[in-house]
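Number of protein chains: 2
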Amino acid sequence: MKAYAKQDFPVSDVRRFLEPGPIVLVSSAWRGKTNIMTMGWHMIMGFQPSLVGCYIWSENFSFDLVRRSRQCVINVPTTDLGATVVDIGNSSGRHIDKFAKFSLTAQAGSEVDAPLIAECFANFECRLVDSSLIRRYSLFVLEVVKAHVARAPRYPRTIHYHGDGVFMLSGPNTSKWRKRFNPHML
Amino acid sequence: MKAYAKQDFPVSDVRRFLEPGPIVLVSSAWRGKTNIMTMGWHMIMGFQPSLVGCYIWSENFSFDLVRRSRQCVINVPTTDLGATVVDIGNSSGRHIDKFAKFSLTAQAGSEVDAPLIAECFANFECRLVDSSLIRRYSLFVLEVVKAHVARAPRYPRTIHYHGDGVFMLSGPNTSKWRKRFNPHML
Chain A
1 MKAYAKQDFP
11 VSDVRRFLEP
21 GPIVLVSSAW
31 RGKTNIMTMG
41 WHMIMGFQPS
51 LVGCYIWSEN
61 FSFDLVRRSR
71 QCVINVPTTD
81 LGATVVDIGN
91 SSGRHIDKFA
101 KFSLTAQAGS
111 EVDAPLIAEC
121 FANFECRLVD
131 SSLIRRYSLF
141 VLEVVKAHVA
151 RAPRYPRTIH
161 YHGDGVFMLS
171 GPNTSKWRKR
181 FNPHML
Chain B
187 MKAYAKQDFP
197 VSDVRRFLEP
207 GPIVLVSSAW
217 RGKTNIMTMG
227 WHMIMGFQPS
237 LVGCYIWSEN
247 FSFDLVRRSR
257 QCVINVPTTD
267 LGATVVDIGN
277 SSGRHIDKFA
287 KFSLTAQAGS
297 EVDAPLIAEC
307 FANFECRLVD
317 SSLIRRYSLF
327 VLEVVKAHVA
337 RAPRYPRTIH
347 YHGDGVFMLS
357 GPNTSKWRKR
367 FNPHML
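Those sequence lines, one after another, are chains A and B. Per my numbering, the first sequence starts with residue 1, numbered consecutively. Per my numbering, the second sequence starts with residue 187, numbered consecutively.
What the hints contain is simulated information worked out from the structure, not anything from laboratory work. Misleading hints may appear alongside valid ones.
Label-pair distances were calculated between CB atoms; the ranges are [to be verified]:
1) B:188 x A:157: 28 to 36 Å
2) A:3 x B:291: 29 to 37 Å
3) B:371 x A:185: 16 to 24 Å
4) A:184 x B:217: 25 to 33 Å
5) A:129 x B:355: 19 to 27 Å
6) B:291 x A:95: 53 to 61 Å
7) A:12 x B:341: 27 to 35 Å
8) A:101 x B:199: 26 to 34 Å
9) B:266 x A:182: 21 to 29 Å
10) A:94 x B:317: 35 to 43 Å
Just so it is clear, CB atoms sit at the ideal spot from N, CA and C, and this is done for glycine as well.
Chain A extracted, bound-state conformation (with noise of 0.2 Å):
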């Protein structure tokens, strides 16, 4: 697994990785504990500021330490990444590392205390402004603060699932279809 370099990018934008719907690793930090789950319940919220809301089941390890940290960072990961974005999946962070368990690299972000994930083509760092919502649906809304994104490619190949254990991988990119837009609806 390569670790990306990367730079920063407008958090407004944000949805060219998330919109498409893949698969997500969430990384969170509280009190000297780290975890990363699988996340594919997302959706954008808002471009300014930049929300994402986010669905966390209670029983998930980072259900606590994102709701008490008030934070965590959304990475993206790529096809070459499915198979650890399973068994992160599969595991609870409760009794392992999950970074040294799968080999992960942790960096320090700018805005928040948890940690990005290096291997991953993208990095937002988000904060949670409105846990109003997490009892009722555990529905977190975040705010990305600080992206963190690949130089290359421009559209990076992910992961989305379809349930049952099929997922489905990202296809080309078309703007075929782009001078059909009104300049406004982009």
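With the hints as your guide, set chain B onto chain A.
Same frame as chain A, now just chain B:
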């Protein structure tokens, strides 16, 4: 454009089509007016009941139709409908009948009054079960109460949006990591 022959599908399994993050078409009806909108911001929020969170901007004509009727249909288009998906997103139903304008066939649902789009691969009839997050987040919490899905293929070729006029078309599906799953994590 062809109309797909469909069969009933378990509402708790609509993740197969929505979780990978496709662009969808939302159809609605209220007091003799119908509309279709293109929607990219949505997420699965539960299996039983089958909940989907959807962001519908208050400036969209569909906003009032869905809010007042408390119903809509989420339709999943395939890549052959790409140009139509963009054209629908570019236009407002305030002044045109989008079914007529885009030569789409409105079909009656069984649980809601909003029309299904026959040319879409899947149609999910939805009820608005929580409107309390609309004002703050434009977030409609919908319950899928009836699902109609084309008999084949098992996984359709869907359209995913990166922003800036660029779409990702769904790529190959794989179950190569399936054996790594703990059965209860599938």
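(request) Could you check the hint for me, namely that residue 3 of chain A and residue 291 of chain B are 29 to 37 Å apart, CB to CB? (result) Once the Cβ atoms are compared, 51 Å apart, the range 29 to 37 Å for residue 291 of chain B and residue 3 of chain A is violated.
(message) Between the beta carbons of residue 94 of chain A and residue 317 of chain B, is the distance compatible with 35 to 43 Å?
(response) About 37 Å separates the Cβ atoms of residue 94 of chain A and residue 317 of chain B, which means 35 to 43 Å holds.
(request) Could you tell me whether the CB distance from residue 184 of chain A to residue 217 of chain B stays inside 25 to 33 Å? (result) holds (29 Å)
(request) Check the following: the C-beta atoms of residue 266 of chain B and residue 182 of chain A are separated by a distance inside 21 to 29 Å. (result) holds (22 Å)
(request) Starting from the hint 53 to 61 Å, judge whether the C-beta atoms of residue 291 of chain B and residue 95 of chain A obey it. (result) Given a distance of about 55 Å, which is inside 53 to 61 Å, the answer is holds.
(request) Just tell me: holds or violated, for the beta carbon distance of residue 101 of chain A and residue 199 of chain B against 26 to 34 Å? (result) holds (32 Å)
(request) With respect to the beta-carbon atoms only, verify the hint that residue 188 of chain B and residue 157 of chain A lie 28 to 36 Å apart. (result) At 30 Å between Cβs, range holds.
(request) Take a look at whether the Cβ-Cβ distance between residue 371 of chain B and residue 185 of chain A falls inside 16 to 24 Å. (result) violated (39 Å)
(request) Can you let me know if the beta-carbon spacing of residue 12 of chain A and residue 341 of chain B is within 27 to 35 Å? (result) Check passed, 32 Å falls within 27 to 35 Å.
(request) With 19 to 27 Å as the target window, see if residue 129 of chain A and residue 355 of chain B comply at their CB atoms. (result) For residue 129 of chain A and residue 355 of chain B the Cβ distance comes to about 33 Å; the hint is violated.
Checked against the numbered hints above, the structure violates hints 2, 3 and 5; every other hint is satisfied.
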